[in-house]
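J.: Can you make the complete structure from the sequences, with help from the hints?
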Amino acid sequence: MAATSFKEVFDKLNQGVVGYVVILLHVVAGSYLVYSQPRSNLAFLVFISSLLSLYFFRADNRFKILVGMLLALVIIPVIGVRNIFYLEVIFQISVFAALSLGLNIVVGFTGLLNLGYVAFYAVGAYLWAFFGSQQFYVLNYAPGTQPPDLPFLLPGDAFYLFLLVAVIIAAITGILLGLPVMRLKGDYLAIVTLGFGEVIRVLANNLDKPINLTNGPQGITPIQRPTMPEWVVDLFNSLFSGVIGHDVKLADMYNVMFYFFALLVIIAIIFVTKRLDDSKIGRAWTAVREDEIAAVAQGIPIVRMKLLAFAVGASFAGLMGVLLAASRTFISPESFNFMQSIGVLSMVILGGIGSIPGVILGAAVLTILNLQVLQGFSLYLNDLRQSDAVIPVINFAWKDLSTQLDPAKYQKLLFGLILIIMMIFRPEGLIPAKRRKRDVSVDETK
Amino acid sequence: MALLEMANITKTFGGLKAISDVTFSLEKGRIVSIIGPNGAGKTTFFNTLTGIYRPDTGTIKFNGKSLVGLRTDQIAACGIARTFQNIRLFADMTVIENIMVGMHVHLKQSPLQTLLRLPGFNREEKEAEVKALRLMQYVGLNNVENELAKNLPYGAQRRLEIARALAADPQLLLLDEPAAGMNPQETEDIIKLFRDIRDNMGITILLIEHDMRVVMNISEDICVMDYGEKIAQGSPAEIRNNTKVIEAYLGRGAVAGQHEEKLQ
Ligand SMILES: Nc1ncnc2c1ncn2[C@@H]1O[C@H](COP(=O)(O)OP(=O)(O)OP(=O)(O)O)[C@@H](O)[C@H]1O
Ligand SMILES: [Mg+2]
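Residue numbers (the numbering used here), protein chains in the order written: chain D, 1 to 446; chain W, 1 to 264.
Errors might be hidden in some of the hints.
[Said to hold, decoys possible] Keeping only pairs whose Cα atoms sit at most 20 Å apart, straight-line, the calculated EDC-like set for lysine to aspartate or glutamate is: (1) D:Lys274 / W:Glu124; (2) D:Lys437 / W:Glu129; (3) W:Lys131 / D:Asp278; (4) D:Lys274 / W:Glu125; (5) W:Lys17 / W:Glu229; (6) D:Lys7 / D:Asp278.
[Stated by the list, open to error] Coverage of chain D stretches by chain W, computed from C-beta distances (three or more under 8 Å per stretch; other residues unrestricted): (7) 256-264; (8) 279-285; (9) 288-295; (10) 431-439.
Since the hints were derived computationally from the structure, they do not count as laboratory data. This structure is a prediction, so every number in the text was calculated from the model and none was measured. Note that beta-carbon positions come from the ideal geometry of N, C-alpha and C, so glycine has one too.
T.: Below, the structure written as structure tokens:
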């Protein structure tokens with residue numbers, strides 16, 4: 001009841017110029033806050049939530065695109081360079097949004113519960129980690145024993161080529177891992193895919209012998225980045241150094257660059273997801289999810305459609321894997337543990353299974369919660385611990401607070417709680433999936 | 001040559017012979033019913049024909065082409081569409097989408113066309129939508145194209161399932177108890193619909209039905225099954241007076257007068 005009446009009130013408010021005013025106010029206020037207080041988490045939350053206003057309030061599409069471009073191309077880079085941590089948060093949101101969109105195709109559209117999704121992310125990351133580093137010349141050395149000054153196998157600009165290669169290799173991996181599980185459903189499928197996910201991580205951990213493919217638990221570094229042309233830095237500085245307050249260094253410029261790459265990839269992924277969803281392929285996926293027997297009786301080759309879902313989902317993760325390896329210049333098996341798969345699944349469930357805007361929101365909420373809110377609390381508690389403050393009524397000194405109670409350590413508990421609460425109160429997610437309404441009429445003269 | 005020729009089909013589940021040595025053929029353009037008591041093997045017969053089960057023995061030919069060993073989706077693509085005894089719609093998809101899924105095998109859009117939204121894609125989708133809307137109206141569903149299938153009333157769900165099957169432009173339509181749970185008026189309407197499907201769309205119909213008003217009214221030929229075996233086949237008049245059939249339905253030693261009521 002509360003939900004419906006809230007929606008009614010919102011719809012009543014959300015008319016005419018209200019949308020324009022709210023969006024502009026929110027964007028301006030948010031930008032001003034982060035600009036003037038580049039260290040405040042709260043300011044960042046106000047700023048980043050202006051994307052929600054942009055999505056929910058009614059306004060002309062051209063206006064929205066204009067504001068969106070202004071945000072993405074000018075305001076975020078400027079704010080991000082002033083506090084590089086914000087850029088990192090936004091980069092991670094994009095990465096997880098891409099992963100969520102990929103997993104959403106498998107879990108949301110096609111209804112196949114995959115708990116090993118991070119495997120494909122690892123495939124993409126290790127692909128570029130191997131070819132974009134010196135690892136090729138380390139094949140015959142045990143980890144840590146290679147001589148210094150080894151050459152790189154490929155130039156850094158091969159990164160662009162490997163974005164494409166990763167899509168293909170990850171898709172093939174998706175099909176290969178998908179083939180043996182095609183007969184499984186529900187819990188059985190979940191358990192086996194969980195196993196596959198772990199297999200890939202264990203392989204990464206142990207393939208440092210007999211030949212050193214992955215450098216084992218130490219991980220691979222340095223991984224190359226694409227070269228940054230001089231003129232890009234100059235152009236950026238000539239445009240923005242005034243507002244930013246100082247000239248931007250090359251290292252920071254890389255963060256901006258990877259932010260733009262992530263933005264491009266996420267836009268491409270949304271585009272592909274939307275178009276596939278609204279086609280014969282997307283309808284077949286959903287039909288398979290809804291009722292396999294009925295779907296196959298309509299002539300839908302279910303094995304092929306499921307493999308296609310696995311392949312497309314995997315390719316998104318592979319793409320982001322390459323981006324991750326290049327942006328971090330370092331990867332190790334620990335980045336691809338089971339918690340990552342669960343994290344991405346939580347984002348999909350929180351946001352709304354099968355809903356494109358939903359899973360993006362889910363990715364944003366959980367990433368911010370993880371990187372900012374929990375960390376922020378931890379830092380705050382730490383400060384208290386350093387001080388002489390006591391909790392008033394019970395007379396407890398903050399100093400004595402165990403570090404076990406550090407909120408950043410409660411990430412898993414938090415994910416678990418979110419999943420349980422969502423399942424009880426809003427199983428369809430924050431932004432539930434909606435079917436497209438079609439406006440069709442039959443020409444009577446025919 | 002008959003449209004469908006099945007010979008010596010047997011299908012067992014463990015020790016249970018769900019279908020036992022059934023031979024059956026169906027001419028193009030007819031409306032034929034399969035009847036029989038509960039558990040006689042009628043639904044299993046459909047499932048075997050559509051490839052959900054593979055027969056233990058026997059041959060199935062459709063338009064002269066052997067179907068045994070083909071996957072269900074390949075058999076569907078040969079031109080056999082069906083509905084299910086316990087309605088199986090895509091519950092969370094809209095009515096029009098359900099019907100468009102039925103057109104799956106006829107839509108030619110390639111992944112590239114889909115991603116680039118080439119003109120061929122847009123044209124095909126528009127045509128599919130219009131065709132789906134026509135089919136909706138044809139089976140008597142009006143102004144519900146954007147409703148979710150699960151929100152339709154029961155009778156409408158049955159009609160939607162038929163529309164979805166018709167969307168595949170089948171040569172043979174298999175209906176598993178299509179009139180179950182319908183009131184007399186709805187039953188009469190649906191009988192008219194079946195006649196029209198056969199007469200105007202030229203689709204051969206094979207239906208399983210318990211409601212004798214439907215069976216006797218519409219069938220040109222009736223095949224009776226009991227305990228997995230085909231015990232009789234013939235016109236409604238012949239079946240009505242067949243002692244084996246009467247025994248199957250009423251038990252051995254039934255009085256001749258009683259079955260008339262039941263079958264009427
Ligand atoms: N998948 C299966 N596994 C085991 N036994 C089955 C299976 N499918 C059907 N049977 C059995 O086969 C027999 C025939 O069942 P079927 O569903 O074909 O009967 P029916 O004639 O359609 O009956 P009804 O009129 O009740 O729909 C029944 O005894 C049923 O229990
Ligand atoms: Mg049955």
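J.: Look at each hint and say if it fits the structure.
T.: Verification of the hints:
1. Among the hinted pairs, Lys274 of chain D with Glu124 of chain W is consistent with the structure: their alpha-carbon atoms are about 18 Å apart, no more than 20 Å.
2. With a C-alpha separation of about 12 Å, the suggested pairing of Lys437 of chain D with Glu129 of chain W holds against the 20 Å cut-off.
3. In summary, the hint linking Lys131 of chain W to Asp278 of chain D is supported, as the alpha carbons are separated by about 17 Å, within the 20 Å threshold.
4. Restraint check for Lys274 of chain D and Glu125 of chain W: satisfied, since their Cα atoms lie roughly 15 Å apart, inside the 20 Å limit.
5. Restraint check: the Cα-Cα separation between Lys17 of chain W and Glu229 of chain W comes to about 9 Å, which is no more than 20 Å; the hinted pair holds.
6. Taken as a hint, the Lys7 of chain D and Asp278 of chain D pair is broken in the structure, with Cα atoms around 27 Å apart against an allowance of 20 Å.
7. Given as covered by chain W, the segment 256-264 of chain D fails the check, having 0 residues with a CB less than 8 Å from a CB of that chain where 3 are the minimum.
8. Given as covered by chain W, the segment 279-285 of chain D passes the check, having 5 residues with a CB less than 8 Å from a CB of that chain where 3 are the minimum.
9. Only residues whose C-beta sits within less than 8 Å of a C-beta in chain W count toward coverage, and the segment 288-295 of chain D has 5 of them, enough to reach three; the restraint holds.
10. Check result for the segment 431-439 of chain D against chain W: holds, 4 residues qualifying (beta carbon to beta carbon below 8 Å, three or more required).
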